[in-house]
Amino acid sequence: AQKVTQAQTEISVVEKEDVTLDCVYETRDTTYYLFWYKQPPSGELVFLIRRNSFDEQNEISGRYSWNFQKSTSSFNFTITASQVVDSAVYFCALNFYNNNDMRFGAGTRLTVKP
Amino acid sequence: DGGITQSPKYLFRKEGQNVTLSCEQNLNHDAMYWYRQDPGQGLRLIYYSQIVNDFQKGDIAEGYSVSREKKESFPLTVTSAQKNPTAFYLCASSPDRTYEQYFGPGTRLTVT
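Heads up: the protein sequence lines correspond to chains A and B, in order. For the first sequence, our numbering begins at 1 and goes up steadily by one. For the second sequence, our numbering begins at 1 and goes up steadily by one.
The hints are simulated quantities; they were obtained by calculation from the structure and are not laboratory data. Remember, it's a predicted structure, so these values are computed and weren't measured experimentally. Please note: incorrect hints may appear among the correct ones.
[Unchecked claim] In silico DSSO-like links for lysine-lysine, alpha-carbon gap of 27 Å or less:
1. B:K14 x A:K3
2. B:K9 x B:K70
3. A:K38 x B:K14
4. A:K113 x A:K70
5. A:K113 x A:K3
6. A:K38 x B:K9
[As the list claims (entries may be wrong)] Far from chain B, some chain A residues (derived; all Cβ distances over 12 Å):
7. I11
8. K16
9. D18
10. D22
11. V24
12. R28
13. T31
14. V46
15. E56
16. E59
17. V89
18. T111
Note that CB positions come from ideal geometry on N, CA and C, so glycine has one too.
So here's chain B without its partners, still in its complex pose (with noise of 0.2 Å):
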């Protein structure tokens, strides 16, 4: 089956430490994309990525930092600088920035 997985569903994490949200496609697709939701809120673009080895920083950037090395993989790290890491964050992927961009089941992070 075609996809888009992240894990884990939930995390927790200490405030003050880097954690590492994972994000990997399966449907081929050239673009991926990390957003960040707050409650009753729409969401924000965080990292974008057109290609291997390329990416670019959206609304948030601030706080956070990605990888693109392999087509199929986009981990988002949130770093200690993060002042309200706390959200839902949602990977996403597109053939083509024009196109409708297929969603993974988020990650629920809660730091304390």
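With the rest of the complex left out, here is chain A (with noise of 0.2 Å):
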């Protein structure tokens, strides 16, 4: 089965804190390619970022970071020093090499108070 499980339906937290989003996944494939997108009210998503299966290194984009582990299948996203434009739906989704089917999970709502 090829699928992809975002635990965290909301999460809250006041601006300047860091907040961790999971994405635990599951797939037979061995070639795979893991992103993130962020929906914000306007509702059309961003993309944020592409990992594929072979590249396990964390990645740090400003106050972003991504923590890629195959031992654990999970893809976590963290926001650092959150604020208040961070406010979104954040996806994580799985797609297979050969293959059209885009899995997402079904979305972590993140709201920063001031």
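Using the hints, build the complex out of the two chains.
Here's what the structure looks like:
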């Protein structure tokens, strides 16, 4: 089964707190791709990051960082020093080589309060 | 500016009517996709197309139809056979199926 689980439905933090969004995936494929998207209130999904299964290096982009661990099938996303503008729904997604059906998690709604 | 456009942003229809949602991209991407999003849920794939004049059903294709006559355009028709058409519809495109997808602003369809 190819599946993405985002167990946290909603998270609320106060501005400047760090927050981690969890993503656990299931796949039998050895070649696969993981993604994170942000959906602000406007509705349009914004691409944040793509990771292939052979690259387990963690990545940092400004206040955003991603921790990819194949041993636990997880691809977690951390926002450091959160800001109100980070408030959105965040989706983790999984795709495979030779496949057209990207699987999305149910999303985590992050609210950052001032 | 390159991107994906969807029109209209809000659409209202009476039950029993077919309605067509527009999706256009100028990113020169081969692959295009249609997703449906219901409140509090993730995205579910309706249809996808890897090349012109070819498209495949996704998980929830029943009650929907598409065409791909041009690389830039991938319109979605919600037919009267779709039992619960009220939803947020998102179109996306990608240079290749293993790459990230880029999304349009979405169309919120309400059928009463």
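Each hint, compared with the structure:
no., hint, result
1, B:K14 x A:K3, "violated, 36 Å"
2, B:K9 x B:K70, "holds, 22 Å"
3, A:K38 x B:K14, "violated, 32 Å"
4, A:K113 x A:K70, "violated, 33 Å"
5, A:K113 x A:K3, "violated, 31 Å"
6, A:K38 x B:K9, "holds, 19 Å"
7, I11, "holds, 14 Å"
8, K16, "holds, 28 Å"
9, D18, "holds, 25 Å"
10, D22, "holds, 15 Å"
11, V24, "holds, 14 Å"
12, R28, "holds, 17 Å"
13, T31, "violated, 9 Å"
14, V46, "violated, 8 Å"
15, E56, "holds, 18 Å"
16, E59, "holds, 14 Å"
17, V89, "violated, 9 Å"
18, T111, "holds, 14 Å"
Of the numbered hints given earlier, the model fails hints 1, 3, 4, 5, 13, 14, 17; all others are met.
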